[in-house]
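Undergrad: Now for the letters of each chain:
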Amino acid sequence: MSSTPYGSVPVTVSPAAVEVAGVTKTFGTGKHQVVALTDIDLSIAAGEFISLIGPSGCGKSTLLRIIADLLPASTGTVRVAGRTAREARLDRAYGFAFQQAGLLDWRTVSDNIELPLQLHGVRAKERRARGRELLEMVGLAEFAQRRPPELSGGMQQRVAIARALAERPSLLLMDEPFGALDEMTRERMQDELVKITAETSAAVVFVTHSIPEAVFLSDRVVVMSPRPGRVSTVVPVGLRHQADGSGTSGTEIRESPKFFAAITQVREALRGRELRVDEMSGDAHPGAHGAL
Amino acid sequence: MTALRLTRKTLLALLGLAVLIGLWELYKAVGPLRGGTLFGVPFWARASNGALPHLSAVIDAFGAEEVGGATIIRGAAAPTVFESVLSAAGNSLRWAGVGFALGVVVGLALALLMDALQVLERALLPYIILSQTVPLIALAPLVTGWGQGLSIGPWEWQRWMSVSIIAGYLAFFPVAVGMARGLKSAGAVQTEYFRSVSAGWLPTLKRLKLPASVPFLVPALRLAAAGAVVGTVVGEISIGLEGGIGRLIISYSQGATGDPSRVYAAVIGAAALGLITAAIVSIVDLALRRYQRTGNA
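Chains A and B are the protein sequences, given in the same order.
All you need for this note's numbering is the position in the first sequence, starting with 1, plus 12.
All you need for this note's numbering is the position in the second sequence, starting with 1, plus 6.
To be clear, the hints were calculated from the coordinates, so they are not data collected in a lab.
Among the clues, some could well be false.
Unchecked claim - Examples of chain B residues toward chain A, derived with CB under 8 Å:
#1 Ala63
#2 Gly193
#3 Gln196
#4 Arg201
#5 Ser202
#6 Val203
#7 Arg213
The structure displayed is predicted, hence computed values, not measured ones.
Idealized CB from N, CA, C, for every residue including glycine.
Throw the hints in and build the complete structure from the sequences for me.
TA: See the structure below:
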């Protein structure tokens, strides 16, 4: 992870994990052009946990994919740990976890976790060792030789997260990874994610629809609004640090007044946006928004 | 579990065979000897011995001695029909096997080519489909024509090679089309994942696209195997190559006016060919079981 094939990496003191400057994204051309994102500026510090939240169509997944270099930005620049997004992808500087686990059904759980290492030519012995370590971390050691279809949705998602962490990335990009899980599993997964990110000290960009989830996990919640997609407010939270070592349980945090206060703050940030859109569009497009 | 399933499968197959034999003999017993009409249209096939022999007669035919005019195998004097059919089926199986292998290689190569270059897909696919509308009978003399006088290194062109090429011509099609589809069948999330870890074309092919295409490959191979057998039989007949099952069917049917049981014997030989190739594909199927996304949970 330290050496890169690119000789000209600027030597800076701990560059920001992600630096997004003036990014816009448009799909299509002419009459059918859709502006998905306009003028996004966002800086994420090393080790910081950021959530992107907003109604459907606000471009949060698009922004995540631009950071991952899975989509090109129309204008603007993205730098990941001091490199361009493309360099960062080629250099495997980040791990990506998707809404669907996206595992390979013909491989065992441990072979799935070791896949990125195998793709990058890590020797079998080393691979096995790292695989076991990750399986322990996500608590699936006894399922190593099972295949994904035998696992529950939550377990599959844990495998996908372990796979994303396999190469010890300093940045984890997550696109609604718990979106398909039931509420109970979801909270347990959130507790585990807080623990895991504290252990790995990776920065995280986390896309979600859920206000409590964003508030529980994040240092900062980035509230986005649609048409065109943009950042409307950034709400600082940082409750997670109470959970990652000081003995405070996830449940205690979720029942604390601070938690509710932050939820209210984020909800209002989202609502405020919606009200304005309401006023702007009048009765012309009833039901054209309000996805939350 | 699997042993039980296998026994059940075998029993069902035997039951199917028994039903078939039963229907055959039933028709033989009650069917009109000279054929019959239904609503004034000739419909009922003749059940006379000249048209539909007893199964026992077909089995007897296997043991009968080959008669002079229809001798296929030279050398040993007067082999039985069974020996003739066996040896002819063996030859045809070899030619079909070469054709099958050829078809699979060409089909896979075309599918990979189309996968690597999208432009090629649009350019090639219409011609691949068009290729199957050319009648084999028209193709056969052309292939022999091209082959004549050709030599690959020290080996001269053999006439059976033309038959294998015709077999391959039928066999490559399902493989090319099935694989082209199979290589596209990997999930969107999986595909995006491979991009996110900057996996190149070859690793993506090896670890994602090929495994994902197996559920499409196995039925394609099954069709290709059947195609290779049909191509071999038709190829032999249209080229006039002796020694195979196709030629044997023709030569038996020429002497069949009195005794059709030999034709049926040869047809059974051809059907056995099909079964053998199907069995070979089933072994491939078993070997690739874990890539078949049936989900065993």
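Undergrad: Less than 8 Å between beta-carbons is the criterion; does Arg201 (chain B) satisfy it with respect to chain A?
TA: Arg201 (chain B) check passes; min Cβ-Cβ to chain A is 6 Å, inside 8 Å.
Undergrad: Do the numbers back the hint for Arg213 (chain B), that is, is its least Cβ distance to chain A under 8 Å?
TA: This hint holds: Arg213 (chain B) lies near chain A, its Cβ roughly 7 Å from the closest one there, short of 8 Å.
Undergrad: Does the closest beta carbon of chain A sit nearer than 8 Å to the beta carbon of Val203 (chain B)?
TA: holds (5 Å)
Undergrad: Are Gln196 (chain B) and chain A close enough, Cβ to Cβ, to be under 8 Å, as the hint says?
TA: Since the shortest Cβ distance to chain A is 5 Å, the answer is holds.
Undergrad: For the restraint on Gly193 (chain B), tell me whether the closest CB of chain A is nearer than 8 Å.
TA: Because about 7 Å separates Gly193 (chain B) from the closest Cβ in chain A, which is inside the 8 Å limit, the hint holds.
Undergrad: For the restraint on Ser202 (chain B), tell me whether the closest CB of chain A is nearer than 8 Å.
TA: At about 4 Å, which falls below the 8 Å cut-off, the nearest Cβ of chain A leaves the hint on Ser202 (chain B) intact, so it holds.
Undergrad: Regarding the hint that Ala63 (chain B) lies at the interface with chain A, is the smallest CB-CB distance below 8 Å?
TA: Since chain A brings no Cβ nearer than about 51 Å to Ala63 (chain B), farther than 8 Å, the hint is violated.
In this structure, only the earlier hint numbered 1 is contradicted, and the remaining ones agree with it.
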